[in-house]
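Residue numbers (our numbering), protein chains in the order written: chain D, 22 to 177; chain H, 72 to 287.
Fair warning: there could be bad hints in the mix.
[Claimed, not checked] Straight line, CA to CA, 30 Å or less: simulated DSS-like cross-link-like pairs of lysine-lysine:
#, chain 1, residue 1, chain 2, residue 2
1, H, Lys-138, H, Lys-198
2, H, Lys-265, D, Lys-165
3, H, Lys-198, D, Lys-87
[To be verified] Away from chain H, derived, C-beta distances all over 12 Å, residues of chain D:
#, residue
4, Gly-36
5, Lys-45
6, His-52
7, Val-84
8, Glu-89
9, Pro-113
10, Ala-116
11, Trp-158
12, Gly-160
Keep in mind that the hints were calculated from the coordinates and are not lab data. Since the model is a prediction, treat every value here as computed from it, not as a measurement. Where a beta carbon is used, it is the ideal one built from N, C-alpha and C, also for glycine.
Each chain is listed here by its residues.
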Amino acid sequence: MHLDETLTRIRERFGVEPTGEDPKRPLDPRHLVVTVPVDRWVEFAGFAKEALGCRYFCHLTAVDWKAEGLDVVARLENLRDGLGLTVKTRIPREAACPSLTGPYRGADWMERECYDLFGIRFDGHPDLRRLLLPEDWEGHPLRKDYAVDTSHAPYR
Amino acid sequence: MDVRPPVASPTPKVPVPEWEEFKDLQDWVKYRQERIDGDRVSETFASLADRLEQFPGGWLMVTSTDKLFNWARKSSIWPVTFGLACCAIEMMATFASRFDVERFGMVPWASPRHADLMIVSGTVTIKMAPMLKRIYEQMPDPKWCLSMGSCANSGGPFRHGYHVVKGVDRVVPVDVYVPGCPPTPESLMFGILKLQEKVAEFQKRGKRAAPAPPAG
Numbered sequence: 022m023h024l025d026e027t028l029t030r031i032r033e034r035f036g037v038e039p040t041g042e043d044p045k046r047p048l049d050p051r052h053l054v055v056t057v058p059v060d061r062w063v064e065f066a067g068f069a070k071e072a073l074g075c076r077y078f079c080h081l082t083a084v085d086w087k088a089e090g091l092d093v094v095a096r097l098e099n100l101r102d103g104l105g106l107t108v109k110t111r112i113p114r115e116a117a118c119p120s121l122t123g124p125y126r127g128a129d130w131m132e133r134e135c136y137d138l139f140g141i142r143f144d145g146h147p148d149l150r151r152l153l154l155p156e157d158w159e160g161h162p163l164r165k166d167y168a169v170d171t172s173h174a175p176y177r
Numbered sequence: 072m073d074v075r076p077p078v079a080s081p082t083p084k085v086p087v088p089e090w091e092e093f094k095d096l097q098d099w100v101k102y103r104q105e106r107i108d109g110d111r112v113s114e115t116f117a118s119l120a121d122r123l124e125q126f127p128g129g130w131l132m133v134t135s136t137d138k139l140f141n142w143a144r145k146s147s148i149w150p151v152t153f154g155l156a157c158c159a160i161e162m163m164a165t166f167a168s169r170f171d172v173e174r175f176g177m178v179p180w181a182s183p184r185h186a187d188l189m190i191v192s193g194t195v196t197i198k199m200a201p202m203l204k205r206i207y208e209q210m211p212d213p214k215w216c217l218s219m220g221s222c223a224n225s226g227g228p229f230r231h232g233y234h235v236v237k238g239v240d241r242v243v244p245v246d247v248y249v250p251g252c253p254p255t256p257e258s259l260m261f262g263i264l265k266l267q268e269k270v271a272e273f274q275k276r277g278k279r280a281a282p283a284p285p286a287g
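Chain D with its partners taken away, still in its complex shape:
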């Protein structure tokens, strides 16, 4: 699949323009960035898996933009054709994000980690518990409003 065809299909179906990671460089099919609204998040993941052949769910993380909300970032790759998509969506600070565990089973632990450290609730996740931190931990430490130097009992 050529780059132009990929871009056309994304444009036609979702009406968004894929960009490169660096605007000074020509568009590289391995580093495409697509920003979709949150209500088409799962739909885009299914589309990338079925139509674009992105069978590999590389990672999922989030970015805290303080008052502007949180960016959920996922990386989907088609290893055979050399196509890599960085998919982003913006959610409000306390809102939930739909879960990608439907199209990608491998998103399970990634979303648990994201919930653990950023406090994003993923709707439709089968088992949303903390992954890395102890189960009695208070707060979500990678949020910008988390007070790092707060001392807690017993060993902190």
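For this one, chain D is given, so just place chain H on it according to the hints.
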């Protein structure tokens, strides 16, 4: 390009594990709290030593047996095999043939029940601290603890992180602090020699240092 459609299958439900291990730990802590009268045998020995000292010339016997036991203790310090982070690599290098700590009678032992020394080598995270304390309390008295490296001493470069204990002396009492990031095997051996000096002055009576209270 042909992409095979995924086989439709129901999402497997992952069962929630039950933390038997932690329940066991809670029972054990409760047992420790119930048994407040401590070790009766050592109490008997302590009172025996007290009475011996009151005899004319009895102190000679007590001090010379103390010296003998302390010599035996300091020349066979067995550290428990317990590595936490990158300092453990230097600790292993110290245990290995080039820096051979077996000259000091040290045998790295894989059971806390037979060990005298815990070398806390590396970053102690808040999640790891209860396990560290558990291993320390499984060691028989008399026991010593050596804090190795900046992370175990004070939290080190991760002191302002959210997940690191700011010094292992908030968890267990520490006898010798070895600075460095990581300390070289020579530094660790110097710390071990300092610990040997401390063990040579060890007396059975007297309270051990309590862990420092958490700040704030």
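Verification of the hints:
1. Simply put, H:Lys-138 and H:Lys-198 have alpha-carbon atoms about 40 Å apart, too far for the 30 Å limit, and the pair is violated.
2. Distance hint between H:Lys-265 and D:Lys-165 is unfulfilled; the C-alpha atoms sit about 44 Å from each other, more than 30 Å.
3. Between the alpha carbons of H:Lys-198 and D:Lys-87 the distance comes to roughly 28 Å, so the proposed pair stays at or under 30 Å and holds.
4. With a least CB separation of 23 Å from chain H, D:Gly-36 remains clear of the 12 Å interface cut-off, as annotated.
5. Interface exclusion of D:Lys-45 from chain H stands, the closest Cβ pair being 30 Å apart, more than 12 Å.
6. The claim that D:His-52 lies off the interface holds: its Cβ sits roughly 20 Å from the closest Cβ of chain H, which is beyond the 12 Å cut-off.
7. At roughly 18 Å, the least C-beta separation between D:Val-84 and chain H is larger than 12 Å, which holds for a residue marked as non-interface.
8. Non-interface status of D:Glu-89 relative to chain H is upheld: no Cβ of that chain comes within 12 Å, the nearest being about 23 Å off.
9. Its beta-carbon lying about 24 Å from the closest one in chain H, D:Pro-113 satisfies the requirement of being farther than 12 Å from that chain.
10. The beta carbon of D:Ala-116 sits about 24 Å from the closest Cβ of chain H, which is more than 12 Å, so the claim that it is off the interface holds.
11. A beta-carbon of chain H is positioned within 12 Å of the beta-carbon of D:Trp-158; the least distance is around 8 Å.
12. A beta-carbon of chain H is positioned within 12 Å of the beta-carbon of D:Gly-160; the least distance is around 9 Å.
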